[in-house]
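Chains as they are written, first to last, in our numbering: chain A, 1 to 107; chain B, 1001 to 1122.
By construction, these hints were calculated from the structure, which means they are not laboratory data.
In this text the structure is predicted, and so the values were computed from the model without any measurement.
From the three backbone atoms N, C-alpha and C, an ideal C-beta is built for every residue, glycine too.
Take these hints with a grain of salt, some might be off.
Claimed, not checked - Keeping only pairs whose Cα atoms sit at most 27 Å apart, straight-line, the calculated BS3-like set for lysine-lysine is:
#, chain 1, residue 1, chain 2, residue 2
1, B, Lys1083, B, Lys1013
2, A, Lys45, B, Lys1013
3, B, Lys1045, A, Lys107
4, A, Lys103, B, Lys1013
5, A, Lys50, A, Lys107
6, A, Lys103, B, Lys1045
7, B, Lys1013, A, Lys50
8, B, Lys1066, B, Lys1013
To be verified - Label pairs and their in silico Cβ distance ranges:
#, chain 1, residue 1, chain 2, residue 2, range
9, A, Gln3, B, Thr1088, 21 to 31 Å
10, A, Lys39, B, Gly1026, 30 to 40 Å
11, A, Val15, B, Gly1057, 15 to 25 Å
12, A, Ser14, B, Ser1072, 28 to 38 Å
13, A, Ala40, B, Ser1076, 33 to 43 Å
14, A, Asp81, B, Ser1032, 16 to 26 Å
15, B, Glu1016, A, Arg18, 44 to 54 Å
16, A, Asp17, B, Thr1088, 21 to 31 Å
17, B, Lys1077, A, Lys107, 44 to 54 Å
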Amino acid sequence: DIQMTQSPSTLSASVGDRVTITCRASQSISSWLAWYQQKAGKAPKLLIYKASSLESGVPSRFSGSGSGTEFTLTISSLQPDDFATYYCQQYNSYPLTFGGGTKVEIK
Amino acid sequence: QLQLQESGPGLVKPSETLSLTCTVSGGSISSSSYYWGWIRQPPGKGLEWIGSIYYSGSTYYNPSLKSRVTISVDTSKNQFSLKLSSVTAADTAVYYCASLRDFDWLYSPDYWGQGTLLTVSS
């Protein structure tokens, strides 16, 4: 199985901050990586697919980059609606695997 | 836009079989562009992919659960289902169904159901 490791596990930030979350794969997954946002009690929402493609309807302050084994999700200017937990997930091979999550908290 | 809705009992006894159904609306489960899958999340923990199915019946399962999992599809009802046998307290989780979109012949979740909490307890 491909292991996905996210850092940090928790991040404290203020509205307007630039936020970066890192995701590392235990082996190369090319660009087959997705990012999700999950709010408490809700289902995950797809933000980014193929490492850097923005899902339709997702604000442009979200961006993704990387390939191979190292990836980042960046929020250019954190908004109140962005406080949530973020997960990366690889779909290069089965079983599909997720990172452990990064909780973005209000500073 | 696809909508997915899970249904099933909220409580299952240890050693019994968990059965959940996902009803798809806003699109056909027979679409060639999608797989359909189950993902779970224990309370306060991360996400675990359980398995996926194509409308033709082709399946992929997580090896960690494969011996206990069966996913099936009913195209006439636009539904797919999950059965997980011999459940224990470790199977207590929110269970999500999801559509898996074709991203250049590799499939990954895009739309998710709201999730249903399944508790294993006597």
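Here's how the hints hold up against the structure:
1. A distance of roughly 14 Å separates the Cα atoms of Lys1083/B and Lys1013/B; the hinted pair therefore holds under the 27 Å criterion.
2. Under the criterion of a C-alpha separation no larger than 27 Å, the hint pairing Lys45/A with Lys1013/B is inconsistent with the structure, at around 31 Å.
3. Distance check on the hinted pair: Lys1045/B and Lys107/A sit about 23 Å apart at the alpha-carbon level, within 27 Å; holds.
4. The suggested pairing of Lys103/A with Lys1013/B is violated, with an alpha-carbon distance near 33 Å, which exceeds 27 Å.
5. Taken as a hint, the Lys50/A and Lys107/A pair is broken in the structure, with Cα atoms around 31 Å apart against an allowance of 27 Å.
6. For the given pair, Lys103/A sits about 12 Å from Lys1045/B by alpha-carbon distance, which is consistent with the 27 Å threshold.
7. Taking the CA atoms of Lys1013/B and Lys50/A, the gap is about 40 Å. The hint is violated against a cut of 27 Å.
8. In summary, the hint linking Lys1066/B to Lys1013/B is supported, as the alpha carbons are separated by about 20 Å, within the 27 Å threshold.
9. At roughly 24 Å, the beta carbons of Gln3/A and Thr1088/B sit within the given window of 21 to 31 Å.
10. With their beta carbons about 22 Å apart, Lys39/A and Gly1026/B fall outside the hinted range of 30 to 40 Å.
11. Taking 15 to 25 Å as the suggested C-beta distance range, the pair Val15/A and Gly1057/B does not conform, at roughly 49 Å.
12. Taking 28 to 38 Å as the suggested C-beta distance range, the pair Ser14/A and Ser1072/B does not conform, at roughly 48 Å.
13. Ala40/A and Ser1076/B have their C-beta atoms about 37 Å apart, which keeps the hinted 33 to 43 Å range intact.
14. At roughly 35 Å, the beta-carbon separation of Asp81/A and Ser1032/B lies outside the given 16 to 26 Å, and the hint is violated.
15. Checked against the given bound of 44 to 54 Å, the beta carbons of Glu1016/B and Arg18/A, roughly 50 Å apart, stay inside it.
16. At roughly 42 Å, the beta carbons of Asp17/A and Thr1088/B sit outside the given window of 21 to 31 Å.
17. Between Lys1077/B and Lys107/A the beta carbon distance is about 49 Å. The supplied range of 44 to 54 Å therefore holds.
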